[in-house]
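Number of protein chains: 4
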Amino acid sequence: MFFASDNWAGAHPAINDRLSRESTRFAAAYGNSELDKTVEARFNEIFERDVSVFFVSTGTAANSLSLASMARTGGVVFAHSEAHVIEDECGAPDFFSGMRMVPVEGAGGKIDPEKLSSRIAGYPQDSLHHGRAAALTLTQATETGTVYSLDEIDALTAIARKKGLPVHMDGARFANALVALGCSPAEMTWKRGVDVLSFGGTKNGCWCAEAIVFFNQDLARDFAFIRKRSAQLFSKTRFISAQFEAYLEGDRWLDLARHANTMADRLRAGIRTQNSSRLAWETTSNEVFAVLSKAAATSAENKGAKFYGWPVPLNQPDLVGSDETLVRLVTSFATTEEDIDQFLAICKAG
Amino acid sequence: MFFASDNWAGAHPAINDRLSRESTRFAAAYGNSELDKTVEARFNEIFERDVSVFFVSTGTAANSLSLASMARTGGVVFAHSEAHVIEDECGAPDFFSGMRMVPVEGAGGKIDPEKLSSRIAGYPQDSLHHGRAAALTLTQATETGTVYSLDEIDALTAIARKKGLPVHMDGARFANALVALGCSPAEMTWKRGVDVLSFGGTKNGCWCAEAIVFFNQDLARDFAFIRKRSAQLFSKTRFISAQFEAYLEGDRWLDLARHANTMADRLRAGIRTQNSSRLAWETTSNEVFAVLSKAAATSAENKGAKFYGWPVPLNQPDLVGSDETLVRLVTSFATTEEDIDQFLAICKAG
Amino acid sequence: MFFASDNWAGAHPAINDRLSRESTRFAAAYGNSELDKTVEARFNEIFERDVSVFFVSTGTAANSLSLASMARTGGVVFAHSEAHVIEDECGAPDFFSGMRMVPVEGAGGKIDPEKLSSRIAGYPQDSLHHGRAAALTLTQATETGTVYSLDEIDALTAIARKKGLPVHMDGARFANALVALGCSPAEMTWKRGVDVLSFGGTKNGCWCAEAIVFFNQDLARDFAFIRKRSAQLFSKTRFISAQFEAYLEGDRWLDLARHANTMADRLRAGIRTQNSSRLAWETTSNEVFAVLSKAAATSAENKGAKFYGWPVPLNQPDLVGSDETLVRLVTSFATTEEDIDQFLAICKAG
Amino acid sequence: MFFASDNWAGAHPAINDRLSRESTRFAAAYGNSELDKTVEARFNEIFERDVSVFFVSTGTAANSLSLASMARTGGVVFAHSEAHVIEDECGAPDFFSGMRMVPVEGAGGKIDPEKLSSRIAGYPQDSLHHGRAAALTLTQATETGTVYSLDEIDALTAIARKKGLPVHMDGARFANALVALGCSPAEMTWKRGVDVLSFGGTKNGCWCAEAIVFFNQDLARDFAFIRKRSAQLFSKTRFISAQFEAYLEGDRWLDLARHANTMADRLRAGIRTQNSSRLAWETTSNEVFAVLSKAAATSAENKGAKFYGWPVPLNQPDLVGSDETLVRLVTSFATTEEDIDQFLAICKAG
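Protein chains in written order, with my numbering: chain A, 1 to 350; chain B, 1 to 350; chain C, 1 to 350; chain D, 1 to 350.
Just so you know, the hints here were simulated from the structure itself, not pulled from any lab data.
Just to be clear, a hint being listed does not mean it is correct.
A few chain D positions that, by computed beta-carbon distances, are all more than 12 Å from chain C [stated by the list, open to error]:
id: 1; residue: Arg119
id: 2; residue: Lys163
id: 3; residue: Gly193
id: 4; residue: Ile226
id: 5; residue: Arg252
id: 6; residue: Leu254
id: 7; residue: Arg258
id: 8; residue: Leu279
id: 9; residue: Ser293
id: 10; residue: Asn315
id: 11; residue: Val320
id: 12; residue: Gln342
List of simulated lysine to any residue pairs, SDA-like, C-alpha gap at most 20 Å [to be verified]:
id: 13; chain 1: C; residue 1: Lys163; chain 2: B; residue 2: Glu87
id: 14; chain 1: B; residue 1: Lys303; chain 2: A; residue 2: Glu34
id: 15; chain 1: A; residue 1: Lys115; chain 2: C; residue 2: Asn315
id: 16; chain 1: C; residue 1: Lys306; chain 2: D; residue 2: Thr24
id: 17; chain 1: C; residue 1: Lys115; chain 2: A; residue 2: Pro311
id: 18; chain 1: C; residue 1: Lys115; chain 2: A; residue 2: Leu314
id: 19; chain 1: D; residue 1: Lys115; chain 2: B; residue 2: Glu105
id: 20; chain 1: C; residue 1: Lys306; chain 2: D; residue 2: Lys37
id: 21; chain 1: D; residue 1: Lys306; chain 2: C; residue 2: Ala28
id: 22; chain 1: B; residue 1: Lys115; chain 2: D; residue 2: Glu82
id: 23; chain 1: D; residue 1: Lys115; chain 2: B; residue 2: Ser81
id: 24; chain 1: C; residue 1: Lys303; chain 2: C; residue 2: Pro317
id: 25; chain 1: A; residue 1: Lys303; chain 2: B; residue 2: Glu34
id: 26; chain 1: D; residue 1: Lys306; chain 2: C; residue 2: Arg25
id: 27; chain 1: A; residue 1: Lys163; chain 2: D; residue 2: Asp222
id: 28; chain 1: B; residue 1: Lys115; chain 2: D; residue 2: Leu314
id: 29; chain 1: A; residue 1: Lys163; chain 2: A; residue 2: Leu248
id: 30; chain 1: A; residue 1: Lys306; chain 2: A; residue 2: Asp341
id: 31; chain 1: D; residue 1: Lys306; chain 2: C; residue 2: Tyr30
id: 32; chain 1: A; residue 1: Lys115; chain 2: C; residue 2: Ser81
id: 33; chain 1: D; residue 1: Lys303; chain 2: C; residue 2: Pro317
id: 34; chain 1: D; residue 1: Lys303; chain 2: C; residue 2: Ala28
id: 35; chain 1: B; residue 1: Lys115; chain 2: D; residue 2: Pro313
id: 36; chain 1: A; residue 1: Lys115; chain 2: C; residue 2: Pro313
id: 37; chain 1: A; residue 1: Lys306; chain 2: A; residue 2: Ser293
id: 38; chain 1: C; residue 1: Lys115; chain 2: A; residue 2: Ser81
id: 39; chain 1: A; residue 1: Lys115; chain 2: C; residue 2: Leu314
id: 40; chain 1: A; residue 1: Lys37; chain 2: D; residue 2: Asp126
Every residue gets a Cβ at the ideal spot worked out from N, C-alpha and C, and that includes glycine.
Using the sequences and the hints, build the whole thing.
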């Protein structure tokens, strides 16, 4: 019953096998092997167009270096107020990009288009003292388990485009969002106006595989230098490539995400039928936010369930009663039906 | 015949096995698992004292963040003029530490103590305009295949200590140096006055395992933040820990390095006996620098040997004749006697 | 009728005379002249204790470098949401300090103590992912013309002290606040727990004189290097010293601020008696925020009055009627009664 | 007898008068006054073409921000090994530009073209690990009192241009060089291939007036933001403009420099005729490097002369005898014939 985060899971057997195979041979370092080229080409197929792909070590690196590729002196980046770049990366995006992160509110973890427009209006291009708008970053799936619809993405990228701002998508849970929407990678990204994507594999079955995908190749021009100067160029890059090869083989990456989402669906469905717990809000990806009785939560923890509490939203102070607690439950490719059912049984009893 | 670099090798089977085992289970992220704690404790044993250990993704990160832990505004770092931090890291050490790298000359890839003293004297602690001395970094084994003796390390750290400068050691090939000297890890580091160590595993049998080891724990105080802000905190850190567990099990890491050095010895011995090639200079680690006839080099490449040319030292222009070429040959845990013998045969014939 | 900003004024004759006198002689550069030492000592008198003083070129530099002296990796700085460091400095505080500015709300341009506590609580010292609290900065007088009482400063610095955070005060209009409160410089700063002060002279009669005053001299230890590395060490520093000497002679600096505040009082009093205009909110320093009829504003501009509009506060959308406009009117040492009376007459007619 | 530096001089009376006049009036802040526009236009005349001009507070700022305008990730800047950006700015150029300064040797304080070519060749544009060539900076007049001829500048800029590198000129003593060569400002800069100029006024009669002049206006595009973010935008910018107006009025700036150079000529001529002292090397600007007997040097100091010792060049250890000392003597607009003659008399006696 590991629901603390999808990064508590291990690595998928097929990915592990591919890594094992890779371990026995020699090949060129720093991304210059045949395998590296093959996997980069595979990204072109996945996204149905030529892209530039760069592997980095962490999701924080993927986001921070993506924004660094858009750096403008005195520039500000618009992000949802609960975005990872604002809440969870220790200032790395500011450090690497040299820009300030400006939070934009919005219900359900999604940037509100009107609020975005209004925020951007405060940072015109000649705004020497206040700073100037420089980029927009979206998180798909969001930090609160929701997923932007294609129309919602369109609405935000249209605002950015009108102001000349490049758009980054934080896809730490890209596959989970894709499966939730049932669309193609291209449809969810560059066809919607996304310029640069943090494409995460770590949370969905790799042990360490994060890619930055440039649809707007102008932004990639100096990126090899940005990555190297940021200490993110692996010598044995091909071990990242090997993971991605297995990850992207057939529809494995989608299958893994589909499994995680299905497990979350099972969890959501179970919670909906219970009296002793309820969903804090609706989600569609592999994250579930539930209000549990404190008794149930304690009981689950005593029986070995792992999960984290989640801050009660400021604007919904009544969401949680005095004998209740708000928790985040994350499923992954490795979650089993038994895990879910056992957890639900505990909650029901609790 | 892969002699291009030790980072062209794969991963050792025992390390790969340990990774495979790790892939099947769940565990806490961001370095908080039991395994992470166990492996950190193992470093205490290895170094015979309490140390603080932080894993990062690349050797460049290990060096750059080590120096960042010593950062002083207006500070300069003294390094050998051929050091990796000067020659091969795209300015990352400057970027992360905010300090300037000041090259110090010295024969055989080793900093000359007198030149170090003289250089440091140019940057006194009140030197507001010129900058002030802030750190010393040594590379062991050096970039040119040599190894500092314990006395040589002592001589340099004594100079630094007298000036109040902390000392970093770039140990990308730490194990190779250790085996070459036949001393203990403690003897080669903190007993010699080293404060912080880049402890490399990647070149010696891991696929990605670099650690920063703090003997001077004052310097480690803020380091968790430095690492996270630098985008170097892996979520699935335990996969690094797993590699290090297998790497450090028994004397495996030393055995692997010993093998690499022995292969280099075999290569050195073979070259010494040939007329058509010769050693450019003496080395004792797993790097061999040889002057080959251009015919032999071409022949070797045609038969699949991989290696890189090396710039002729400015102060030894006559080292290489007009029909000759200077090459670097690096052995690794995965190099075989057959590789060596085949290469030697080609050179002999060439 | 120059009410656009106090930085539209020139320099006071006594300060100009002192500069003229300074121009005719030779003296040591980079702050090493006798005059520099004398003026630094004068700051000790002003603040009734030993302080460390550093001159810089702009208010943005004073604030940014003050915060740089408090820099902690992954640290965040708490500032009022309308503070200059957030609204008007193009990200310079982030750039020089490497920290993120976190806005805290509060009525009347003043940080609300409860909101500050709540904000700080979100950034505990071990908060690796979210970032850690590192500093508090207050603006006195505030950007909206109000002045913190001594008790109000106490309340905020007590919160900071309890959390171990150093406190910076942005005193771009320090003298205006001091005169408004009628207390001593010591009482408004270090006796209240302020560690570092941006002491502004430019807006109050100098042409360019900004000082950073360290009450907490631990924070000053590396500051000479921070200033030089930030390109803020004037070669002819003594021309800043000369300005400060004349500025601080007798009570000149307080007299100049008192004049500016008195002119603002006259403006406030006049506006209060009019039907066609009103104060947007009460202020006590040399800034007045008024709601004028658009006709009066236009008429004033046509007659040569200079002033800027001010954004209507989000939480007071009804402050301004459809035929009205919100403006900021700033007085200075150089404002005359005639300017005020002429402006008031226009408004009355308008 | 103030020969320590030209920045020990005060301000020229005409410049001081202009400042005084400026002090009595109001005008728009942040470079938006009429005067600011007028003076900017004057630079167009001086340089016989449209230029973009930005004022900053110090020579270090001028150089550092100029290089920041040329910033490329992983880029390196080539400078003479004795250049101010390398020797005297506490790492500010590295800090603001994010680039590494790479020293290039050359006799007489001038970059040797062959050595420059060779250095640049080590940093090709695809040199991911070593770094890539990004800019060239020249100092005119040099730090050792010499002046590049127009042909010498041509030779260096041609090398840079062939490699696509922009060229910066550090003109802290621009006027002294110009007068020494007897050419026009245009001939010494953009007609020679210079893209950006640090145009210094402080050392030649202003108290604080440094300008960055962009001939290549592409590099100026983001510069307003670079300056503001670097805390270098004065609110009362017009006081810089006022200094420059008086400085550039008629040929005043050239007259002042001519005077300084003439005083240096007088000093050089006097030293040449003496037995007890000699010129260390020939110079043509307002800096004189002399070998004095220690007795003469002490005698001069005792009689109030101010000057600094200068390090004996490493490659000329025999330049200075055991009872001799090498000193730098700098003249300025304020140096008098009497100062020179008195000093020469002391040396002769010494």
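Here's how the hints hold up against the structure:
no.: 1; hint: Arg119; in the structure: 25 Å, holds
no.: 2; hint: Lys163; in the structure: 28 Å, holds
no.: 3; hint: Gly193; in the structure: 26 Å, holds
no.: 4; hint: Ile226; in the structure: 9 Å, violated
no.: 5; hint: Arg252; in the structure: 15 Å, holds
no.: 6; hint: Leu254; in the structure: 20 Å, holds
no.: 7; hint: Arg258; in the structure: 20 Å, holds
no.: 8; hint: Leu279; in the structure: 24 Å, holds
no.: 9; hint: Ser293; in the structure: 25 Å, holds
no.: 10; hint: Asn315; in the structure: 29 Å, holds
no.: 11; hint: Val320; in the structure: 25 Å, holds
no.: 12; hint: Gln342; in the structure: 14 Å, holds
no.: 13; hint: C:Lys163 - B:Glu87; in the structure: 44 Å, violated
no.: 14; hint: B:Lys303 - A:Glu34; in the structure: 19 Å, holds
no.: 15; hint: A:Lys115 - C:Asn315; in the structure: 15 Å, holds
no.: 16; hint: C:Lys306 - D:Thr24; in the structure: 17 Å, holds
no.: 17; hint: C:Lys115 - A:Pro311; in the structure: 17 Å, holds
no.: 18; hint: C:Lys115 - A:Leu314; in the structure: 13 Å, holds
no.: 19; hint: D:Lys115 - B:Glu105; in the structure: 18 Å, holds
no.: 20; hint: C:Lys306 - D:Lys37; in the structure: 19 Å, holds
no.: 21; hint: D:Lys306 - C:Ala28; in the structure: 9 Å, holds
no.: 22; hint: B:Lys115 - D:Glu82; in the structure: 19 Å, holds
no.: 23; hint: D:Lys115 - B:Ser81; in the structure: 17 Å, holds
no.: 24; hint: C:Lys303 - C:Pro317; in the structure: 29 Å, violated
no.: 25; hint: A:Lys303 - B:Glu34; in the structure: 19 Å, holds
no.: 26; hint: D:Lys306 - C:Arg25; in the structure: 14 Å, holds
no.: 27; hint: A:Lys163 - D:Asp222; in the structure: 17 Å, holds
no.: 28; hint: B:Lys115 - D:Leu314; in the structure: 13 Å, holds
no.: 29; hint: A:Lys163 - A:Leu248; in the structure: 35 Å, violated
no.: 30; hint: A:Lys306 - A:Asp341; in the structure: 15 Å, holds
no.: 31; hint: D:Lys306 - C:Tyr30; in the structure: 15 Å, holds
no.: 32; hint: A:Lys115 - C:Ser81; in the structure: 17 Å, holds
no.: 33; hint: D:Lys303 - C:Pro317; in the structure: 72 Å, violated
no.: 34; hint: D:Lys303 - C:Ala28; in the structure: 17 Å, holds
no.: 35; hint: B:Lys115 - D:Pro313; in the structure: 16 Å, holds
no.: 36; hint: A:Lys115 - C:Pro313; in the structure: 16 Å, holds
no.: 37; hint: A:Lys306 - A:Ser293; in the structure: 16 Å, holds
no.: 38; hint: C:Lys115 - A:Ser81; in the structure: 17 Å, holds
no.: 39; hint: A:Lys115 - C:Leu314; in the structure: 13 Å, holds
no.: 40; hint: A:Lys37 - D:Asp126; in the structure: 18 Å, holds
Hint compliance for this structure: hints 4, 13, 24, 29, 33 are broken, all remaining hints hold.
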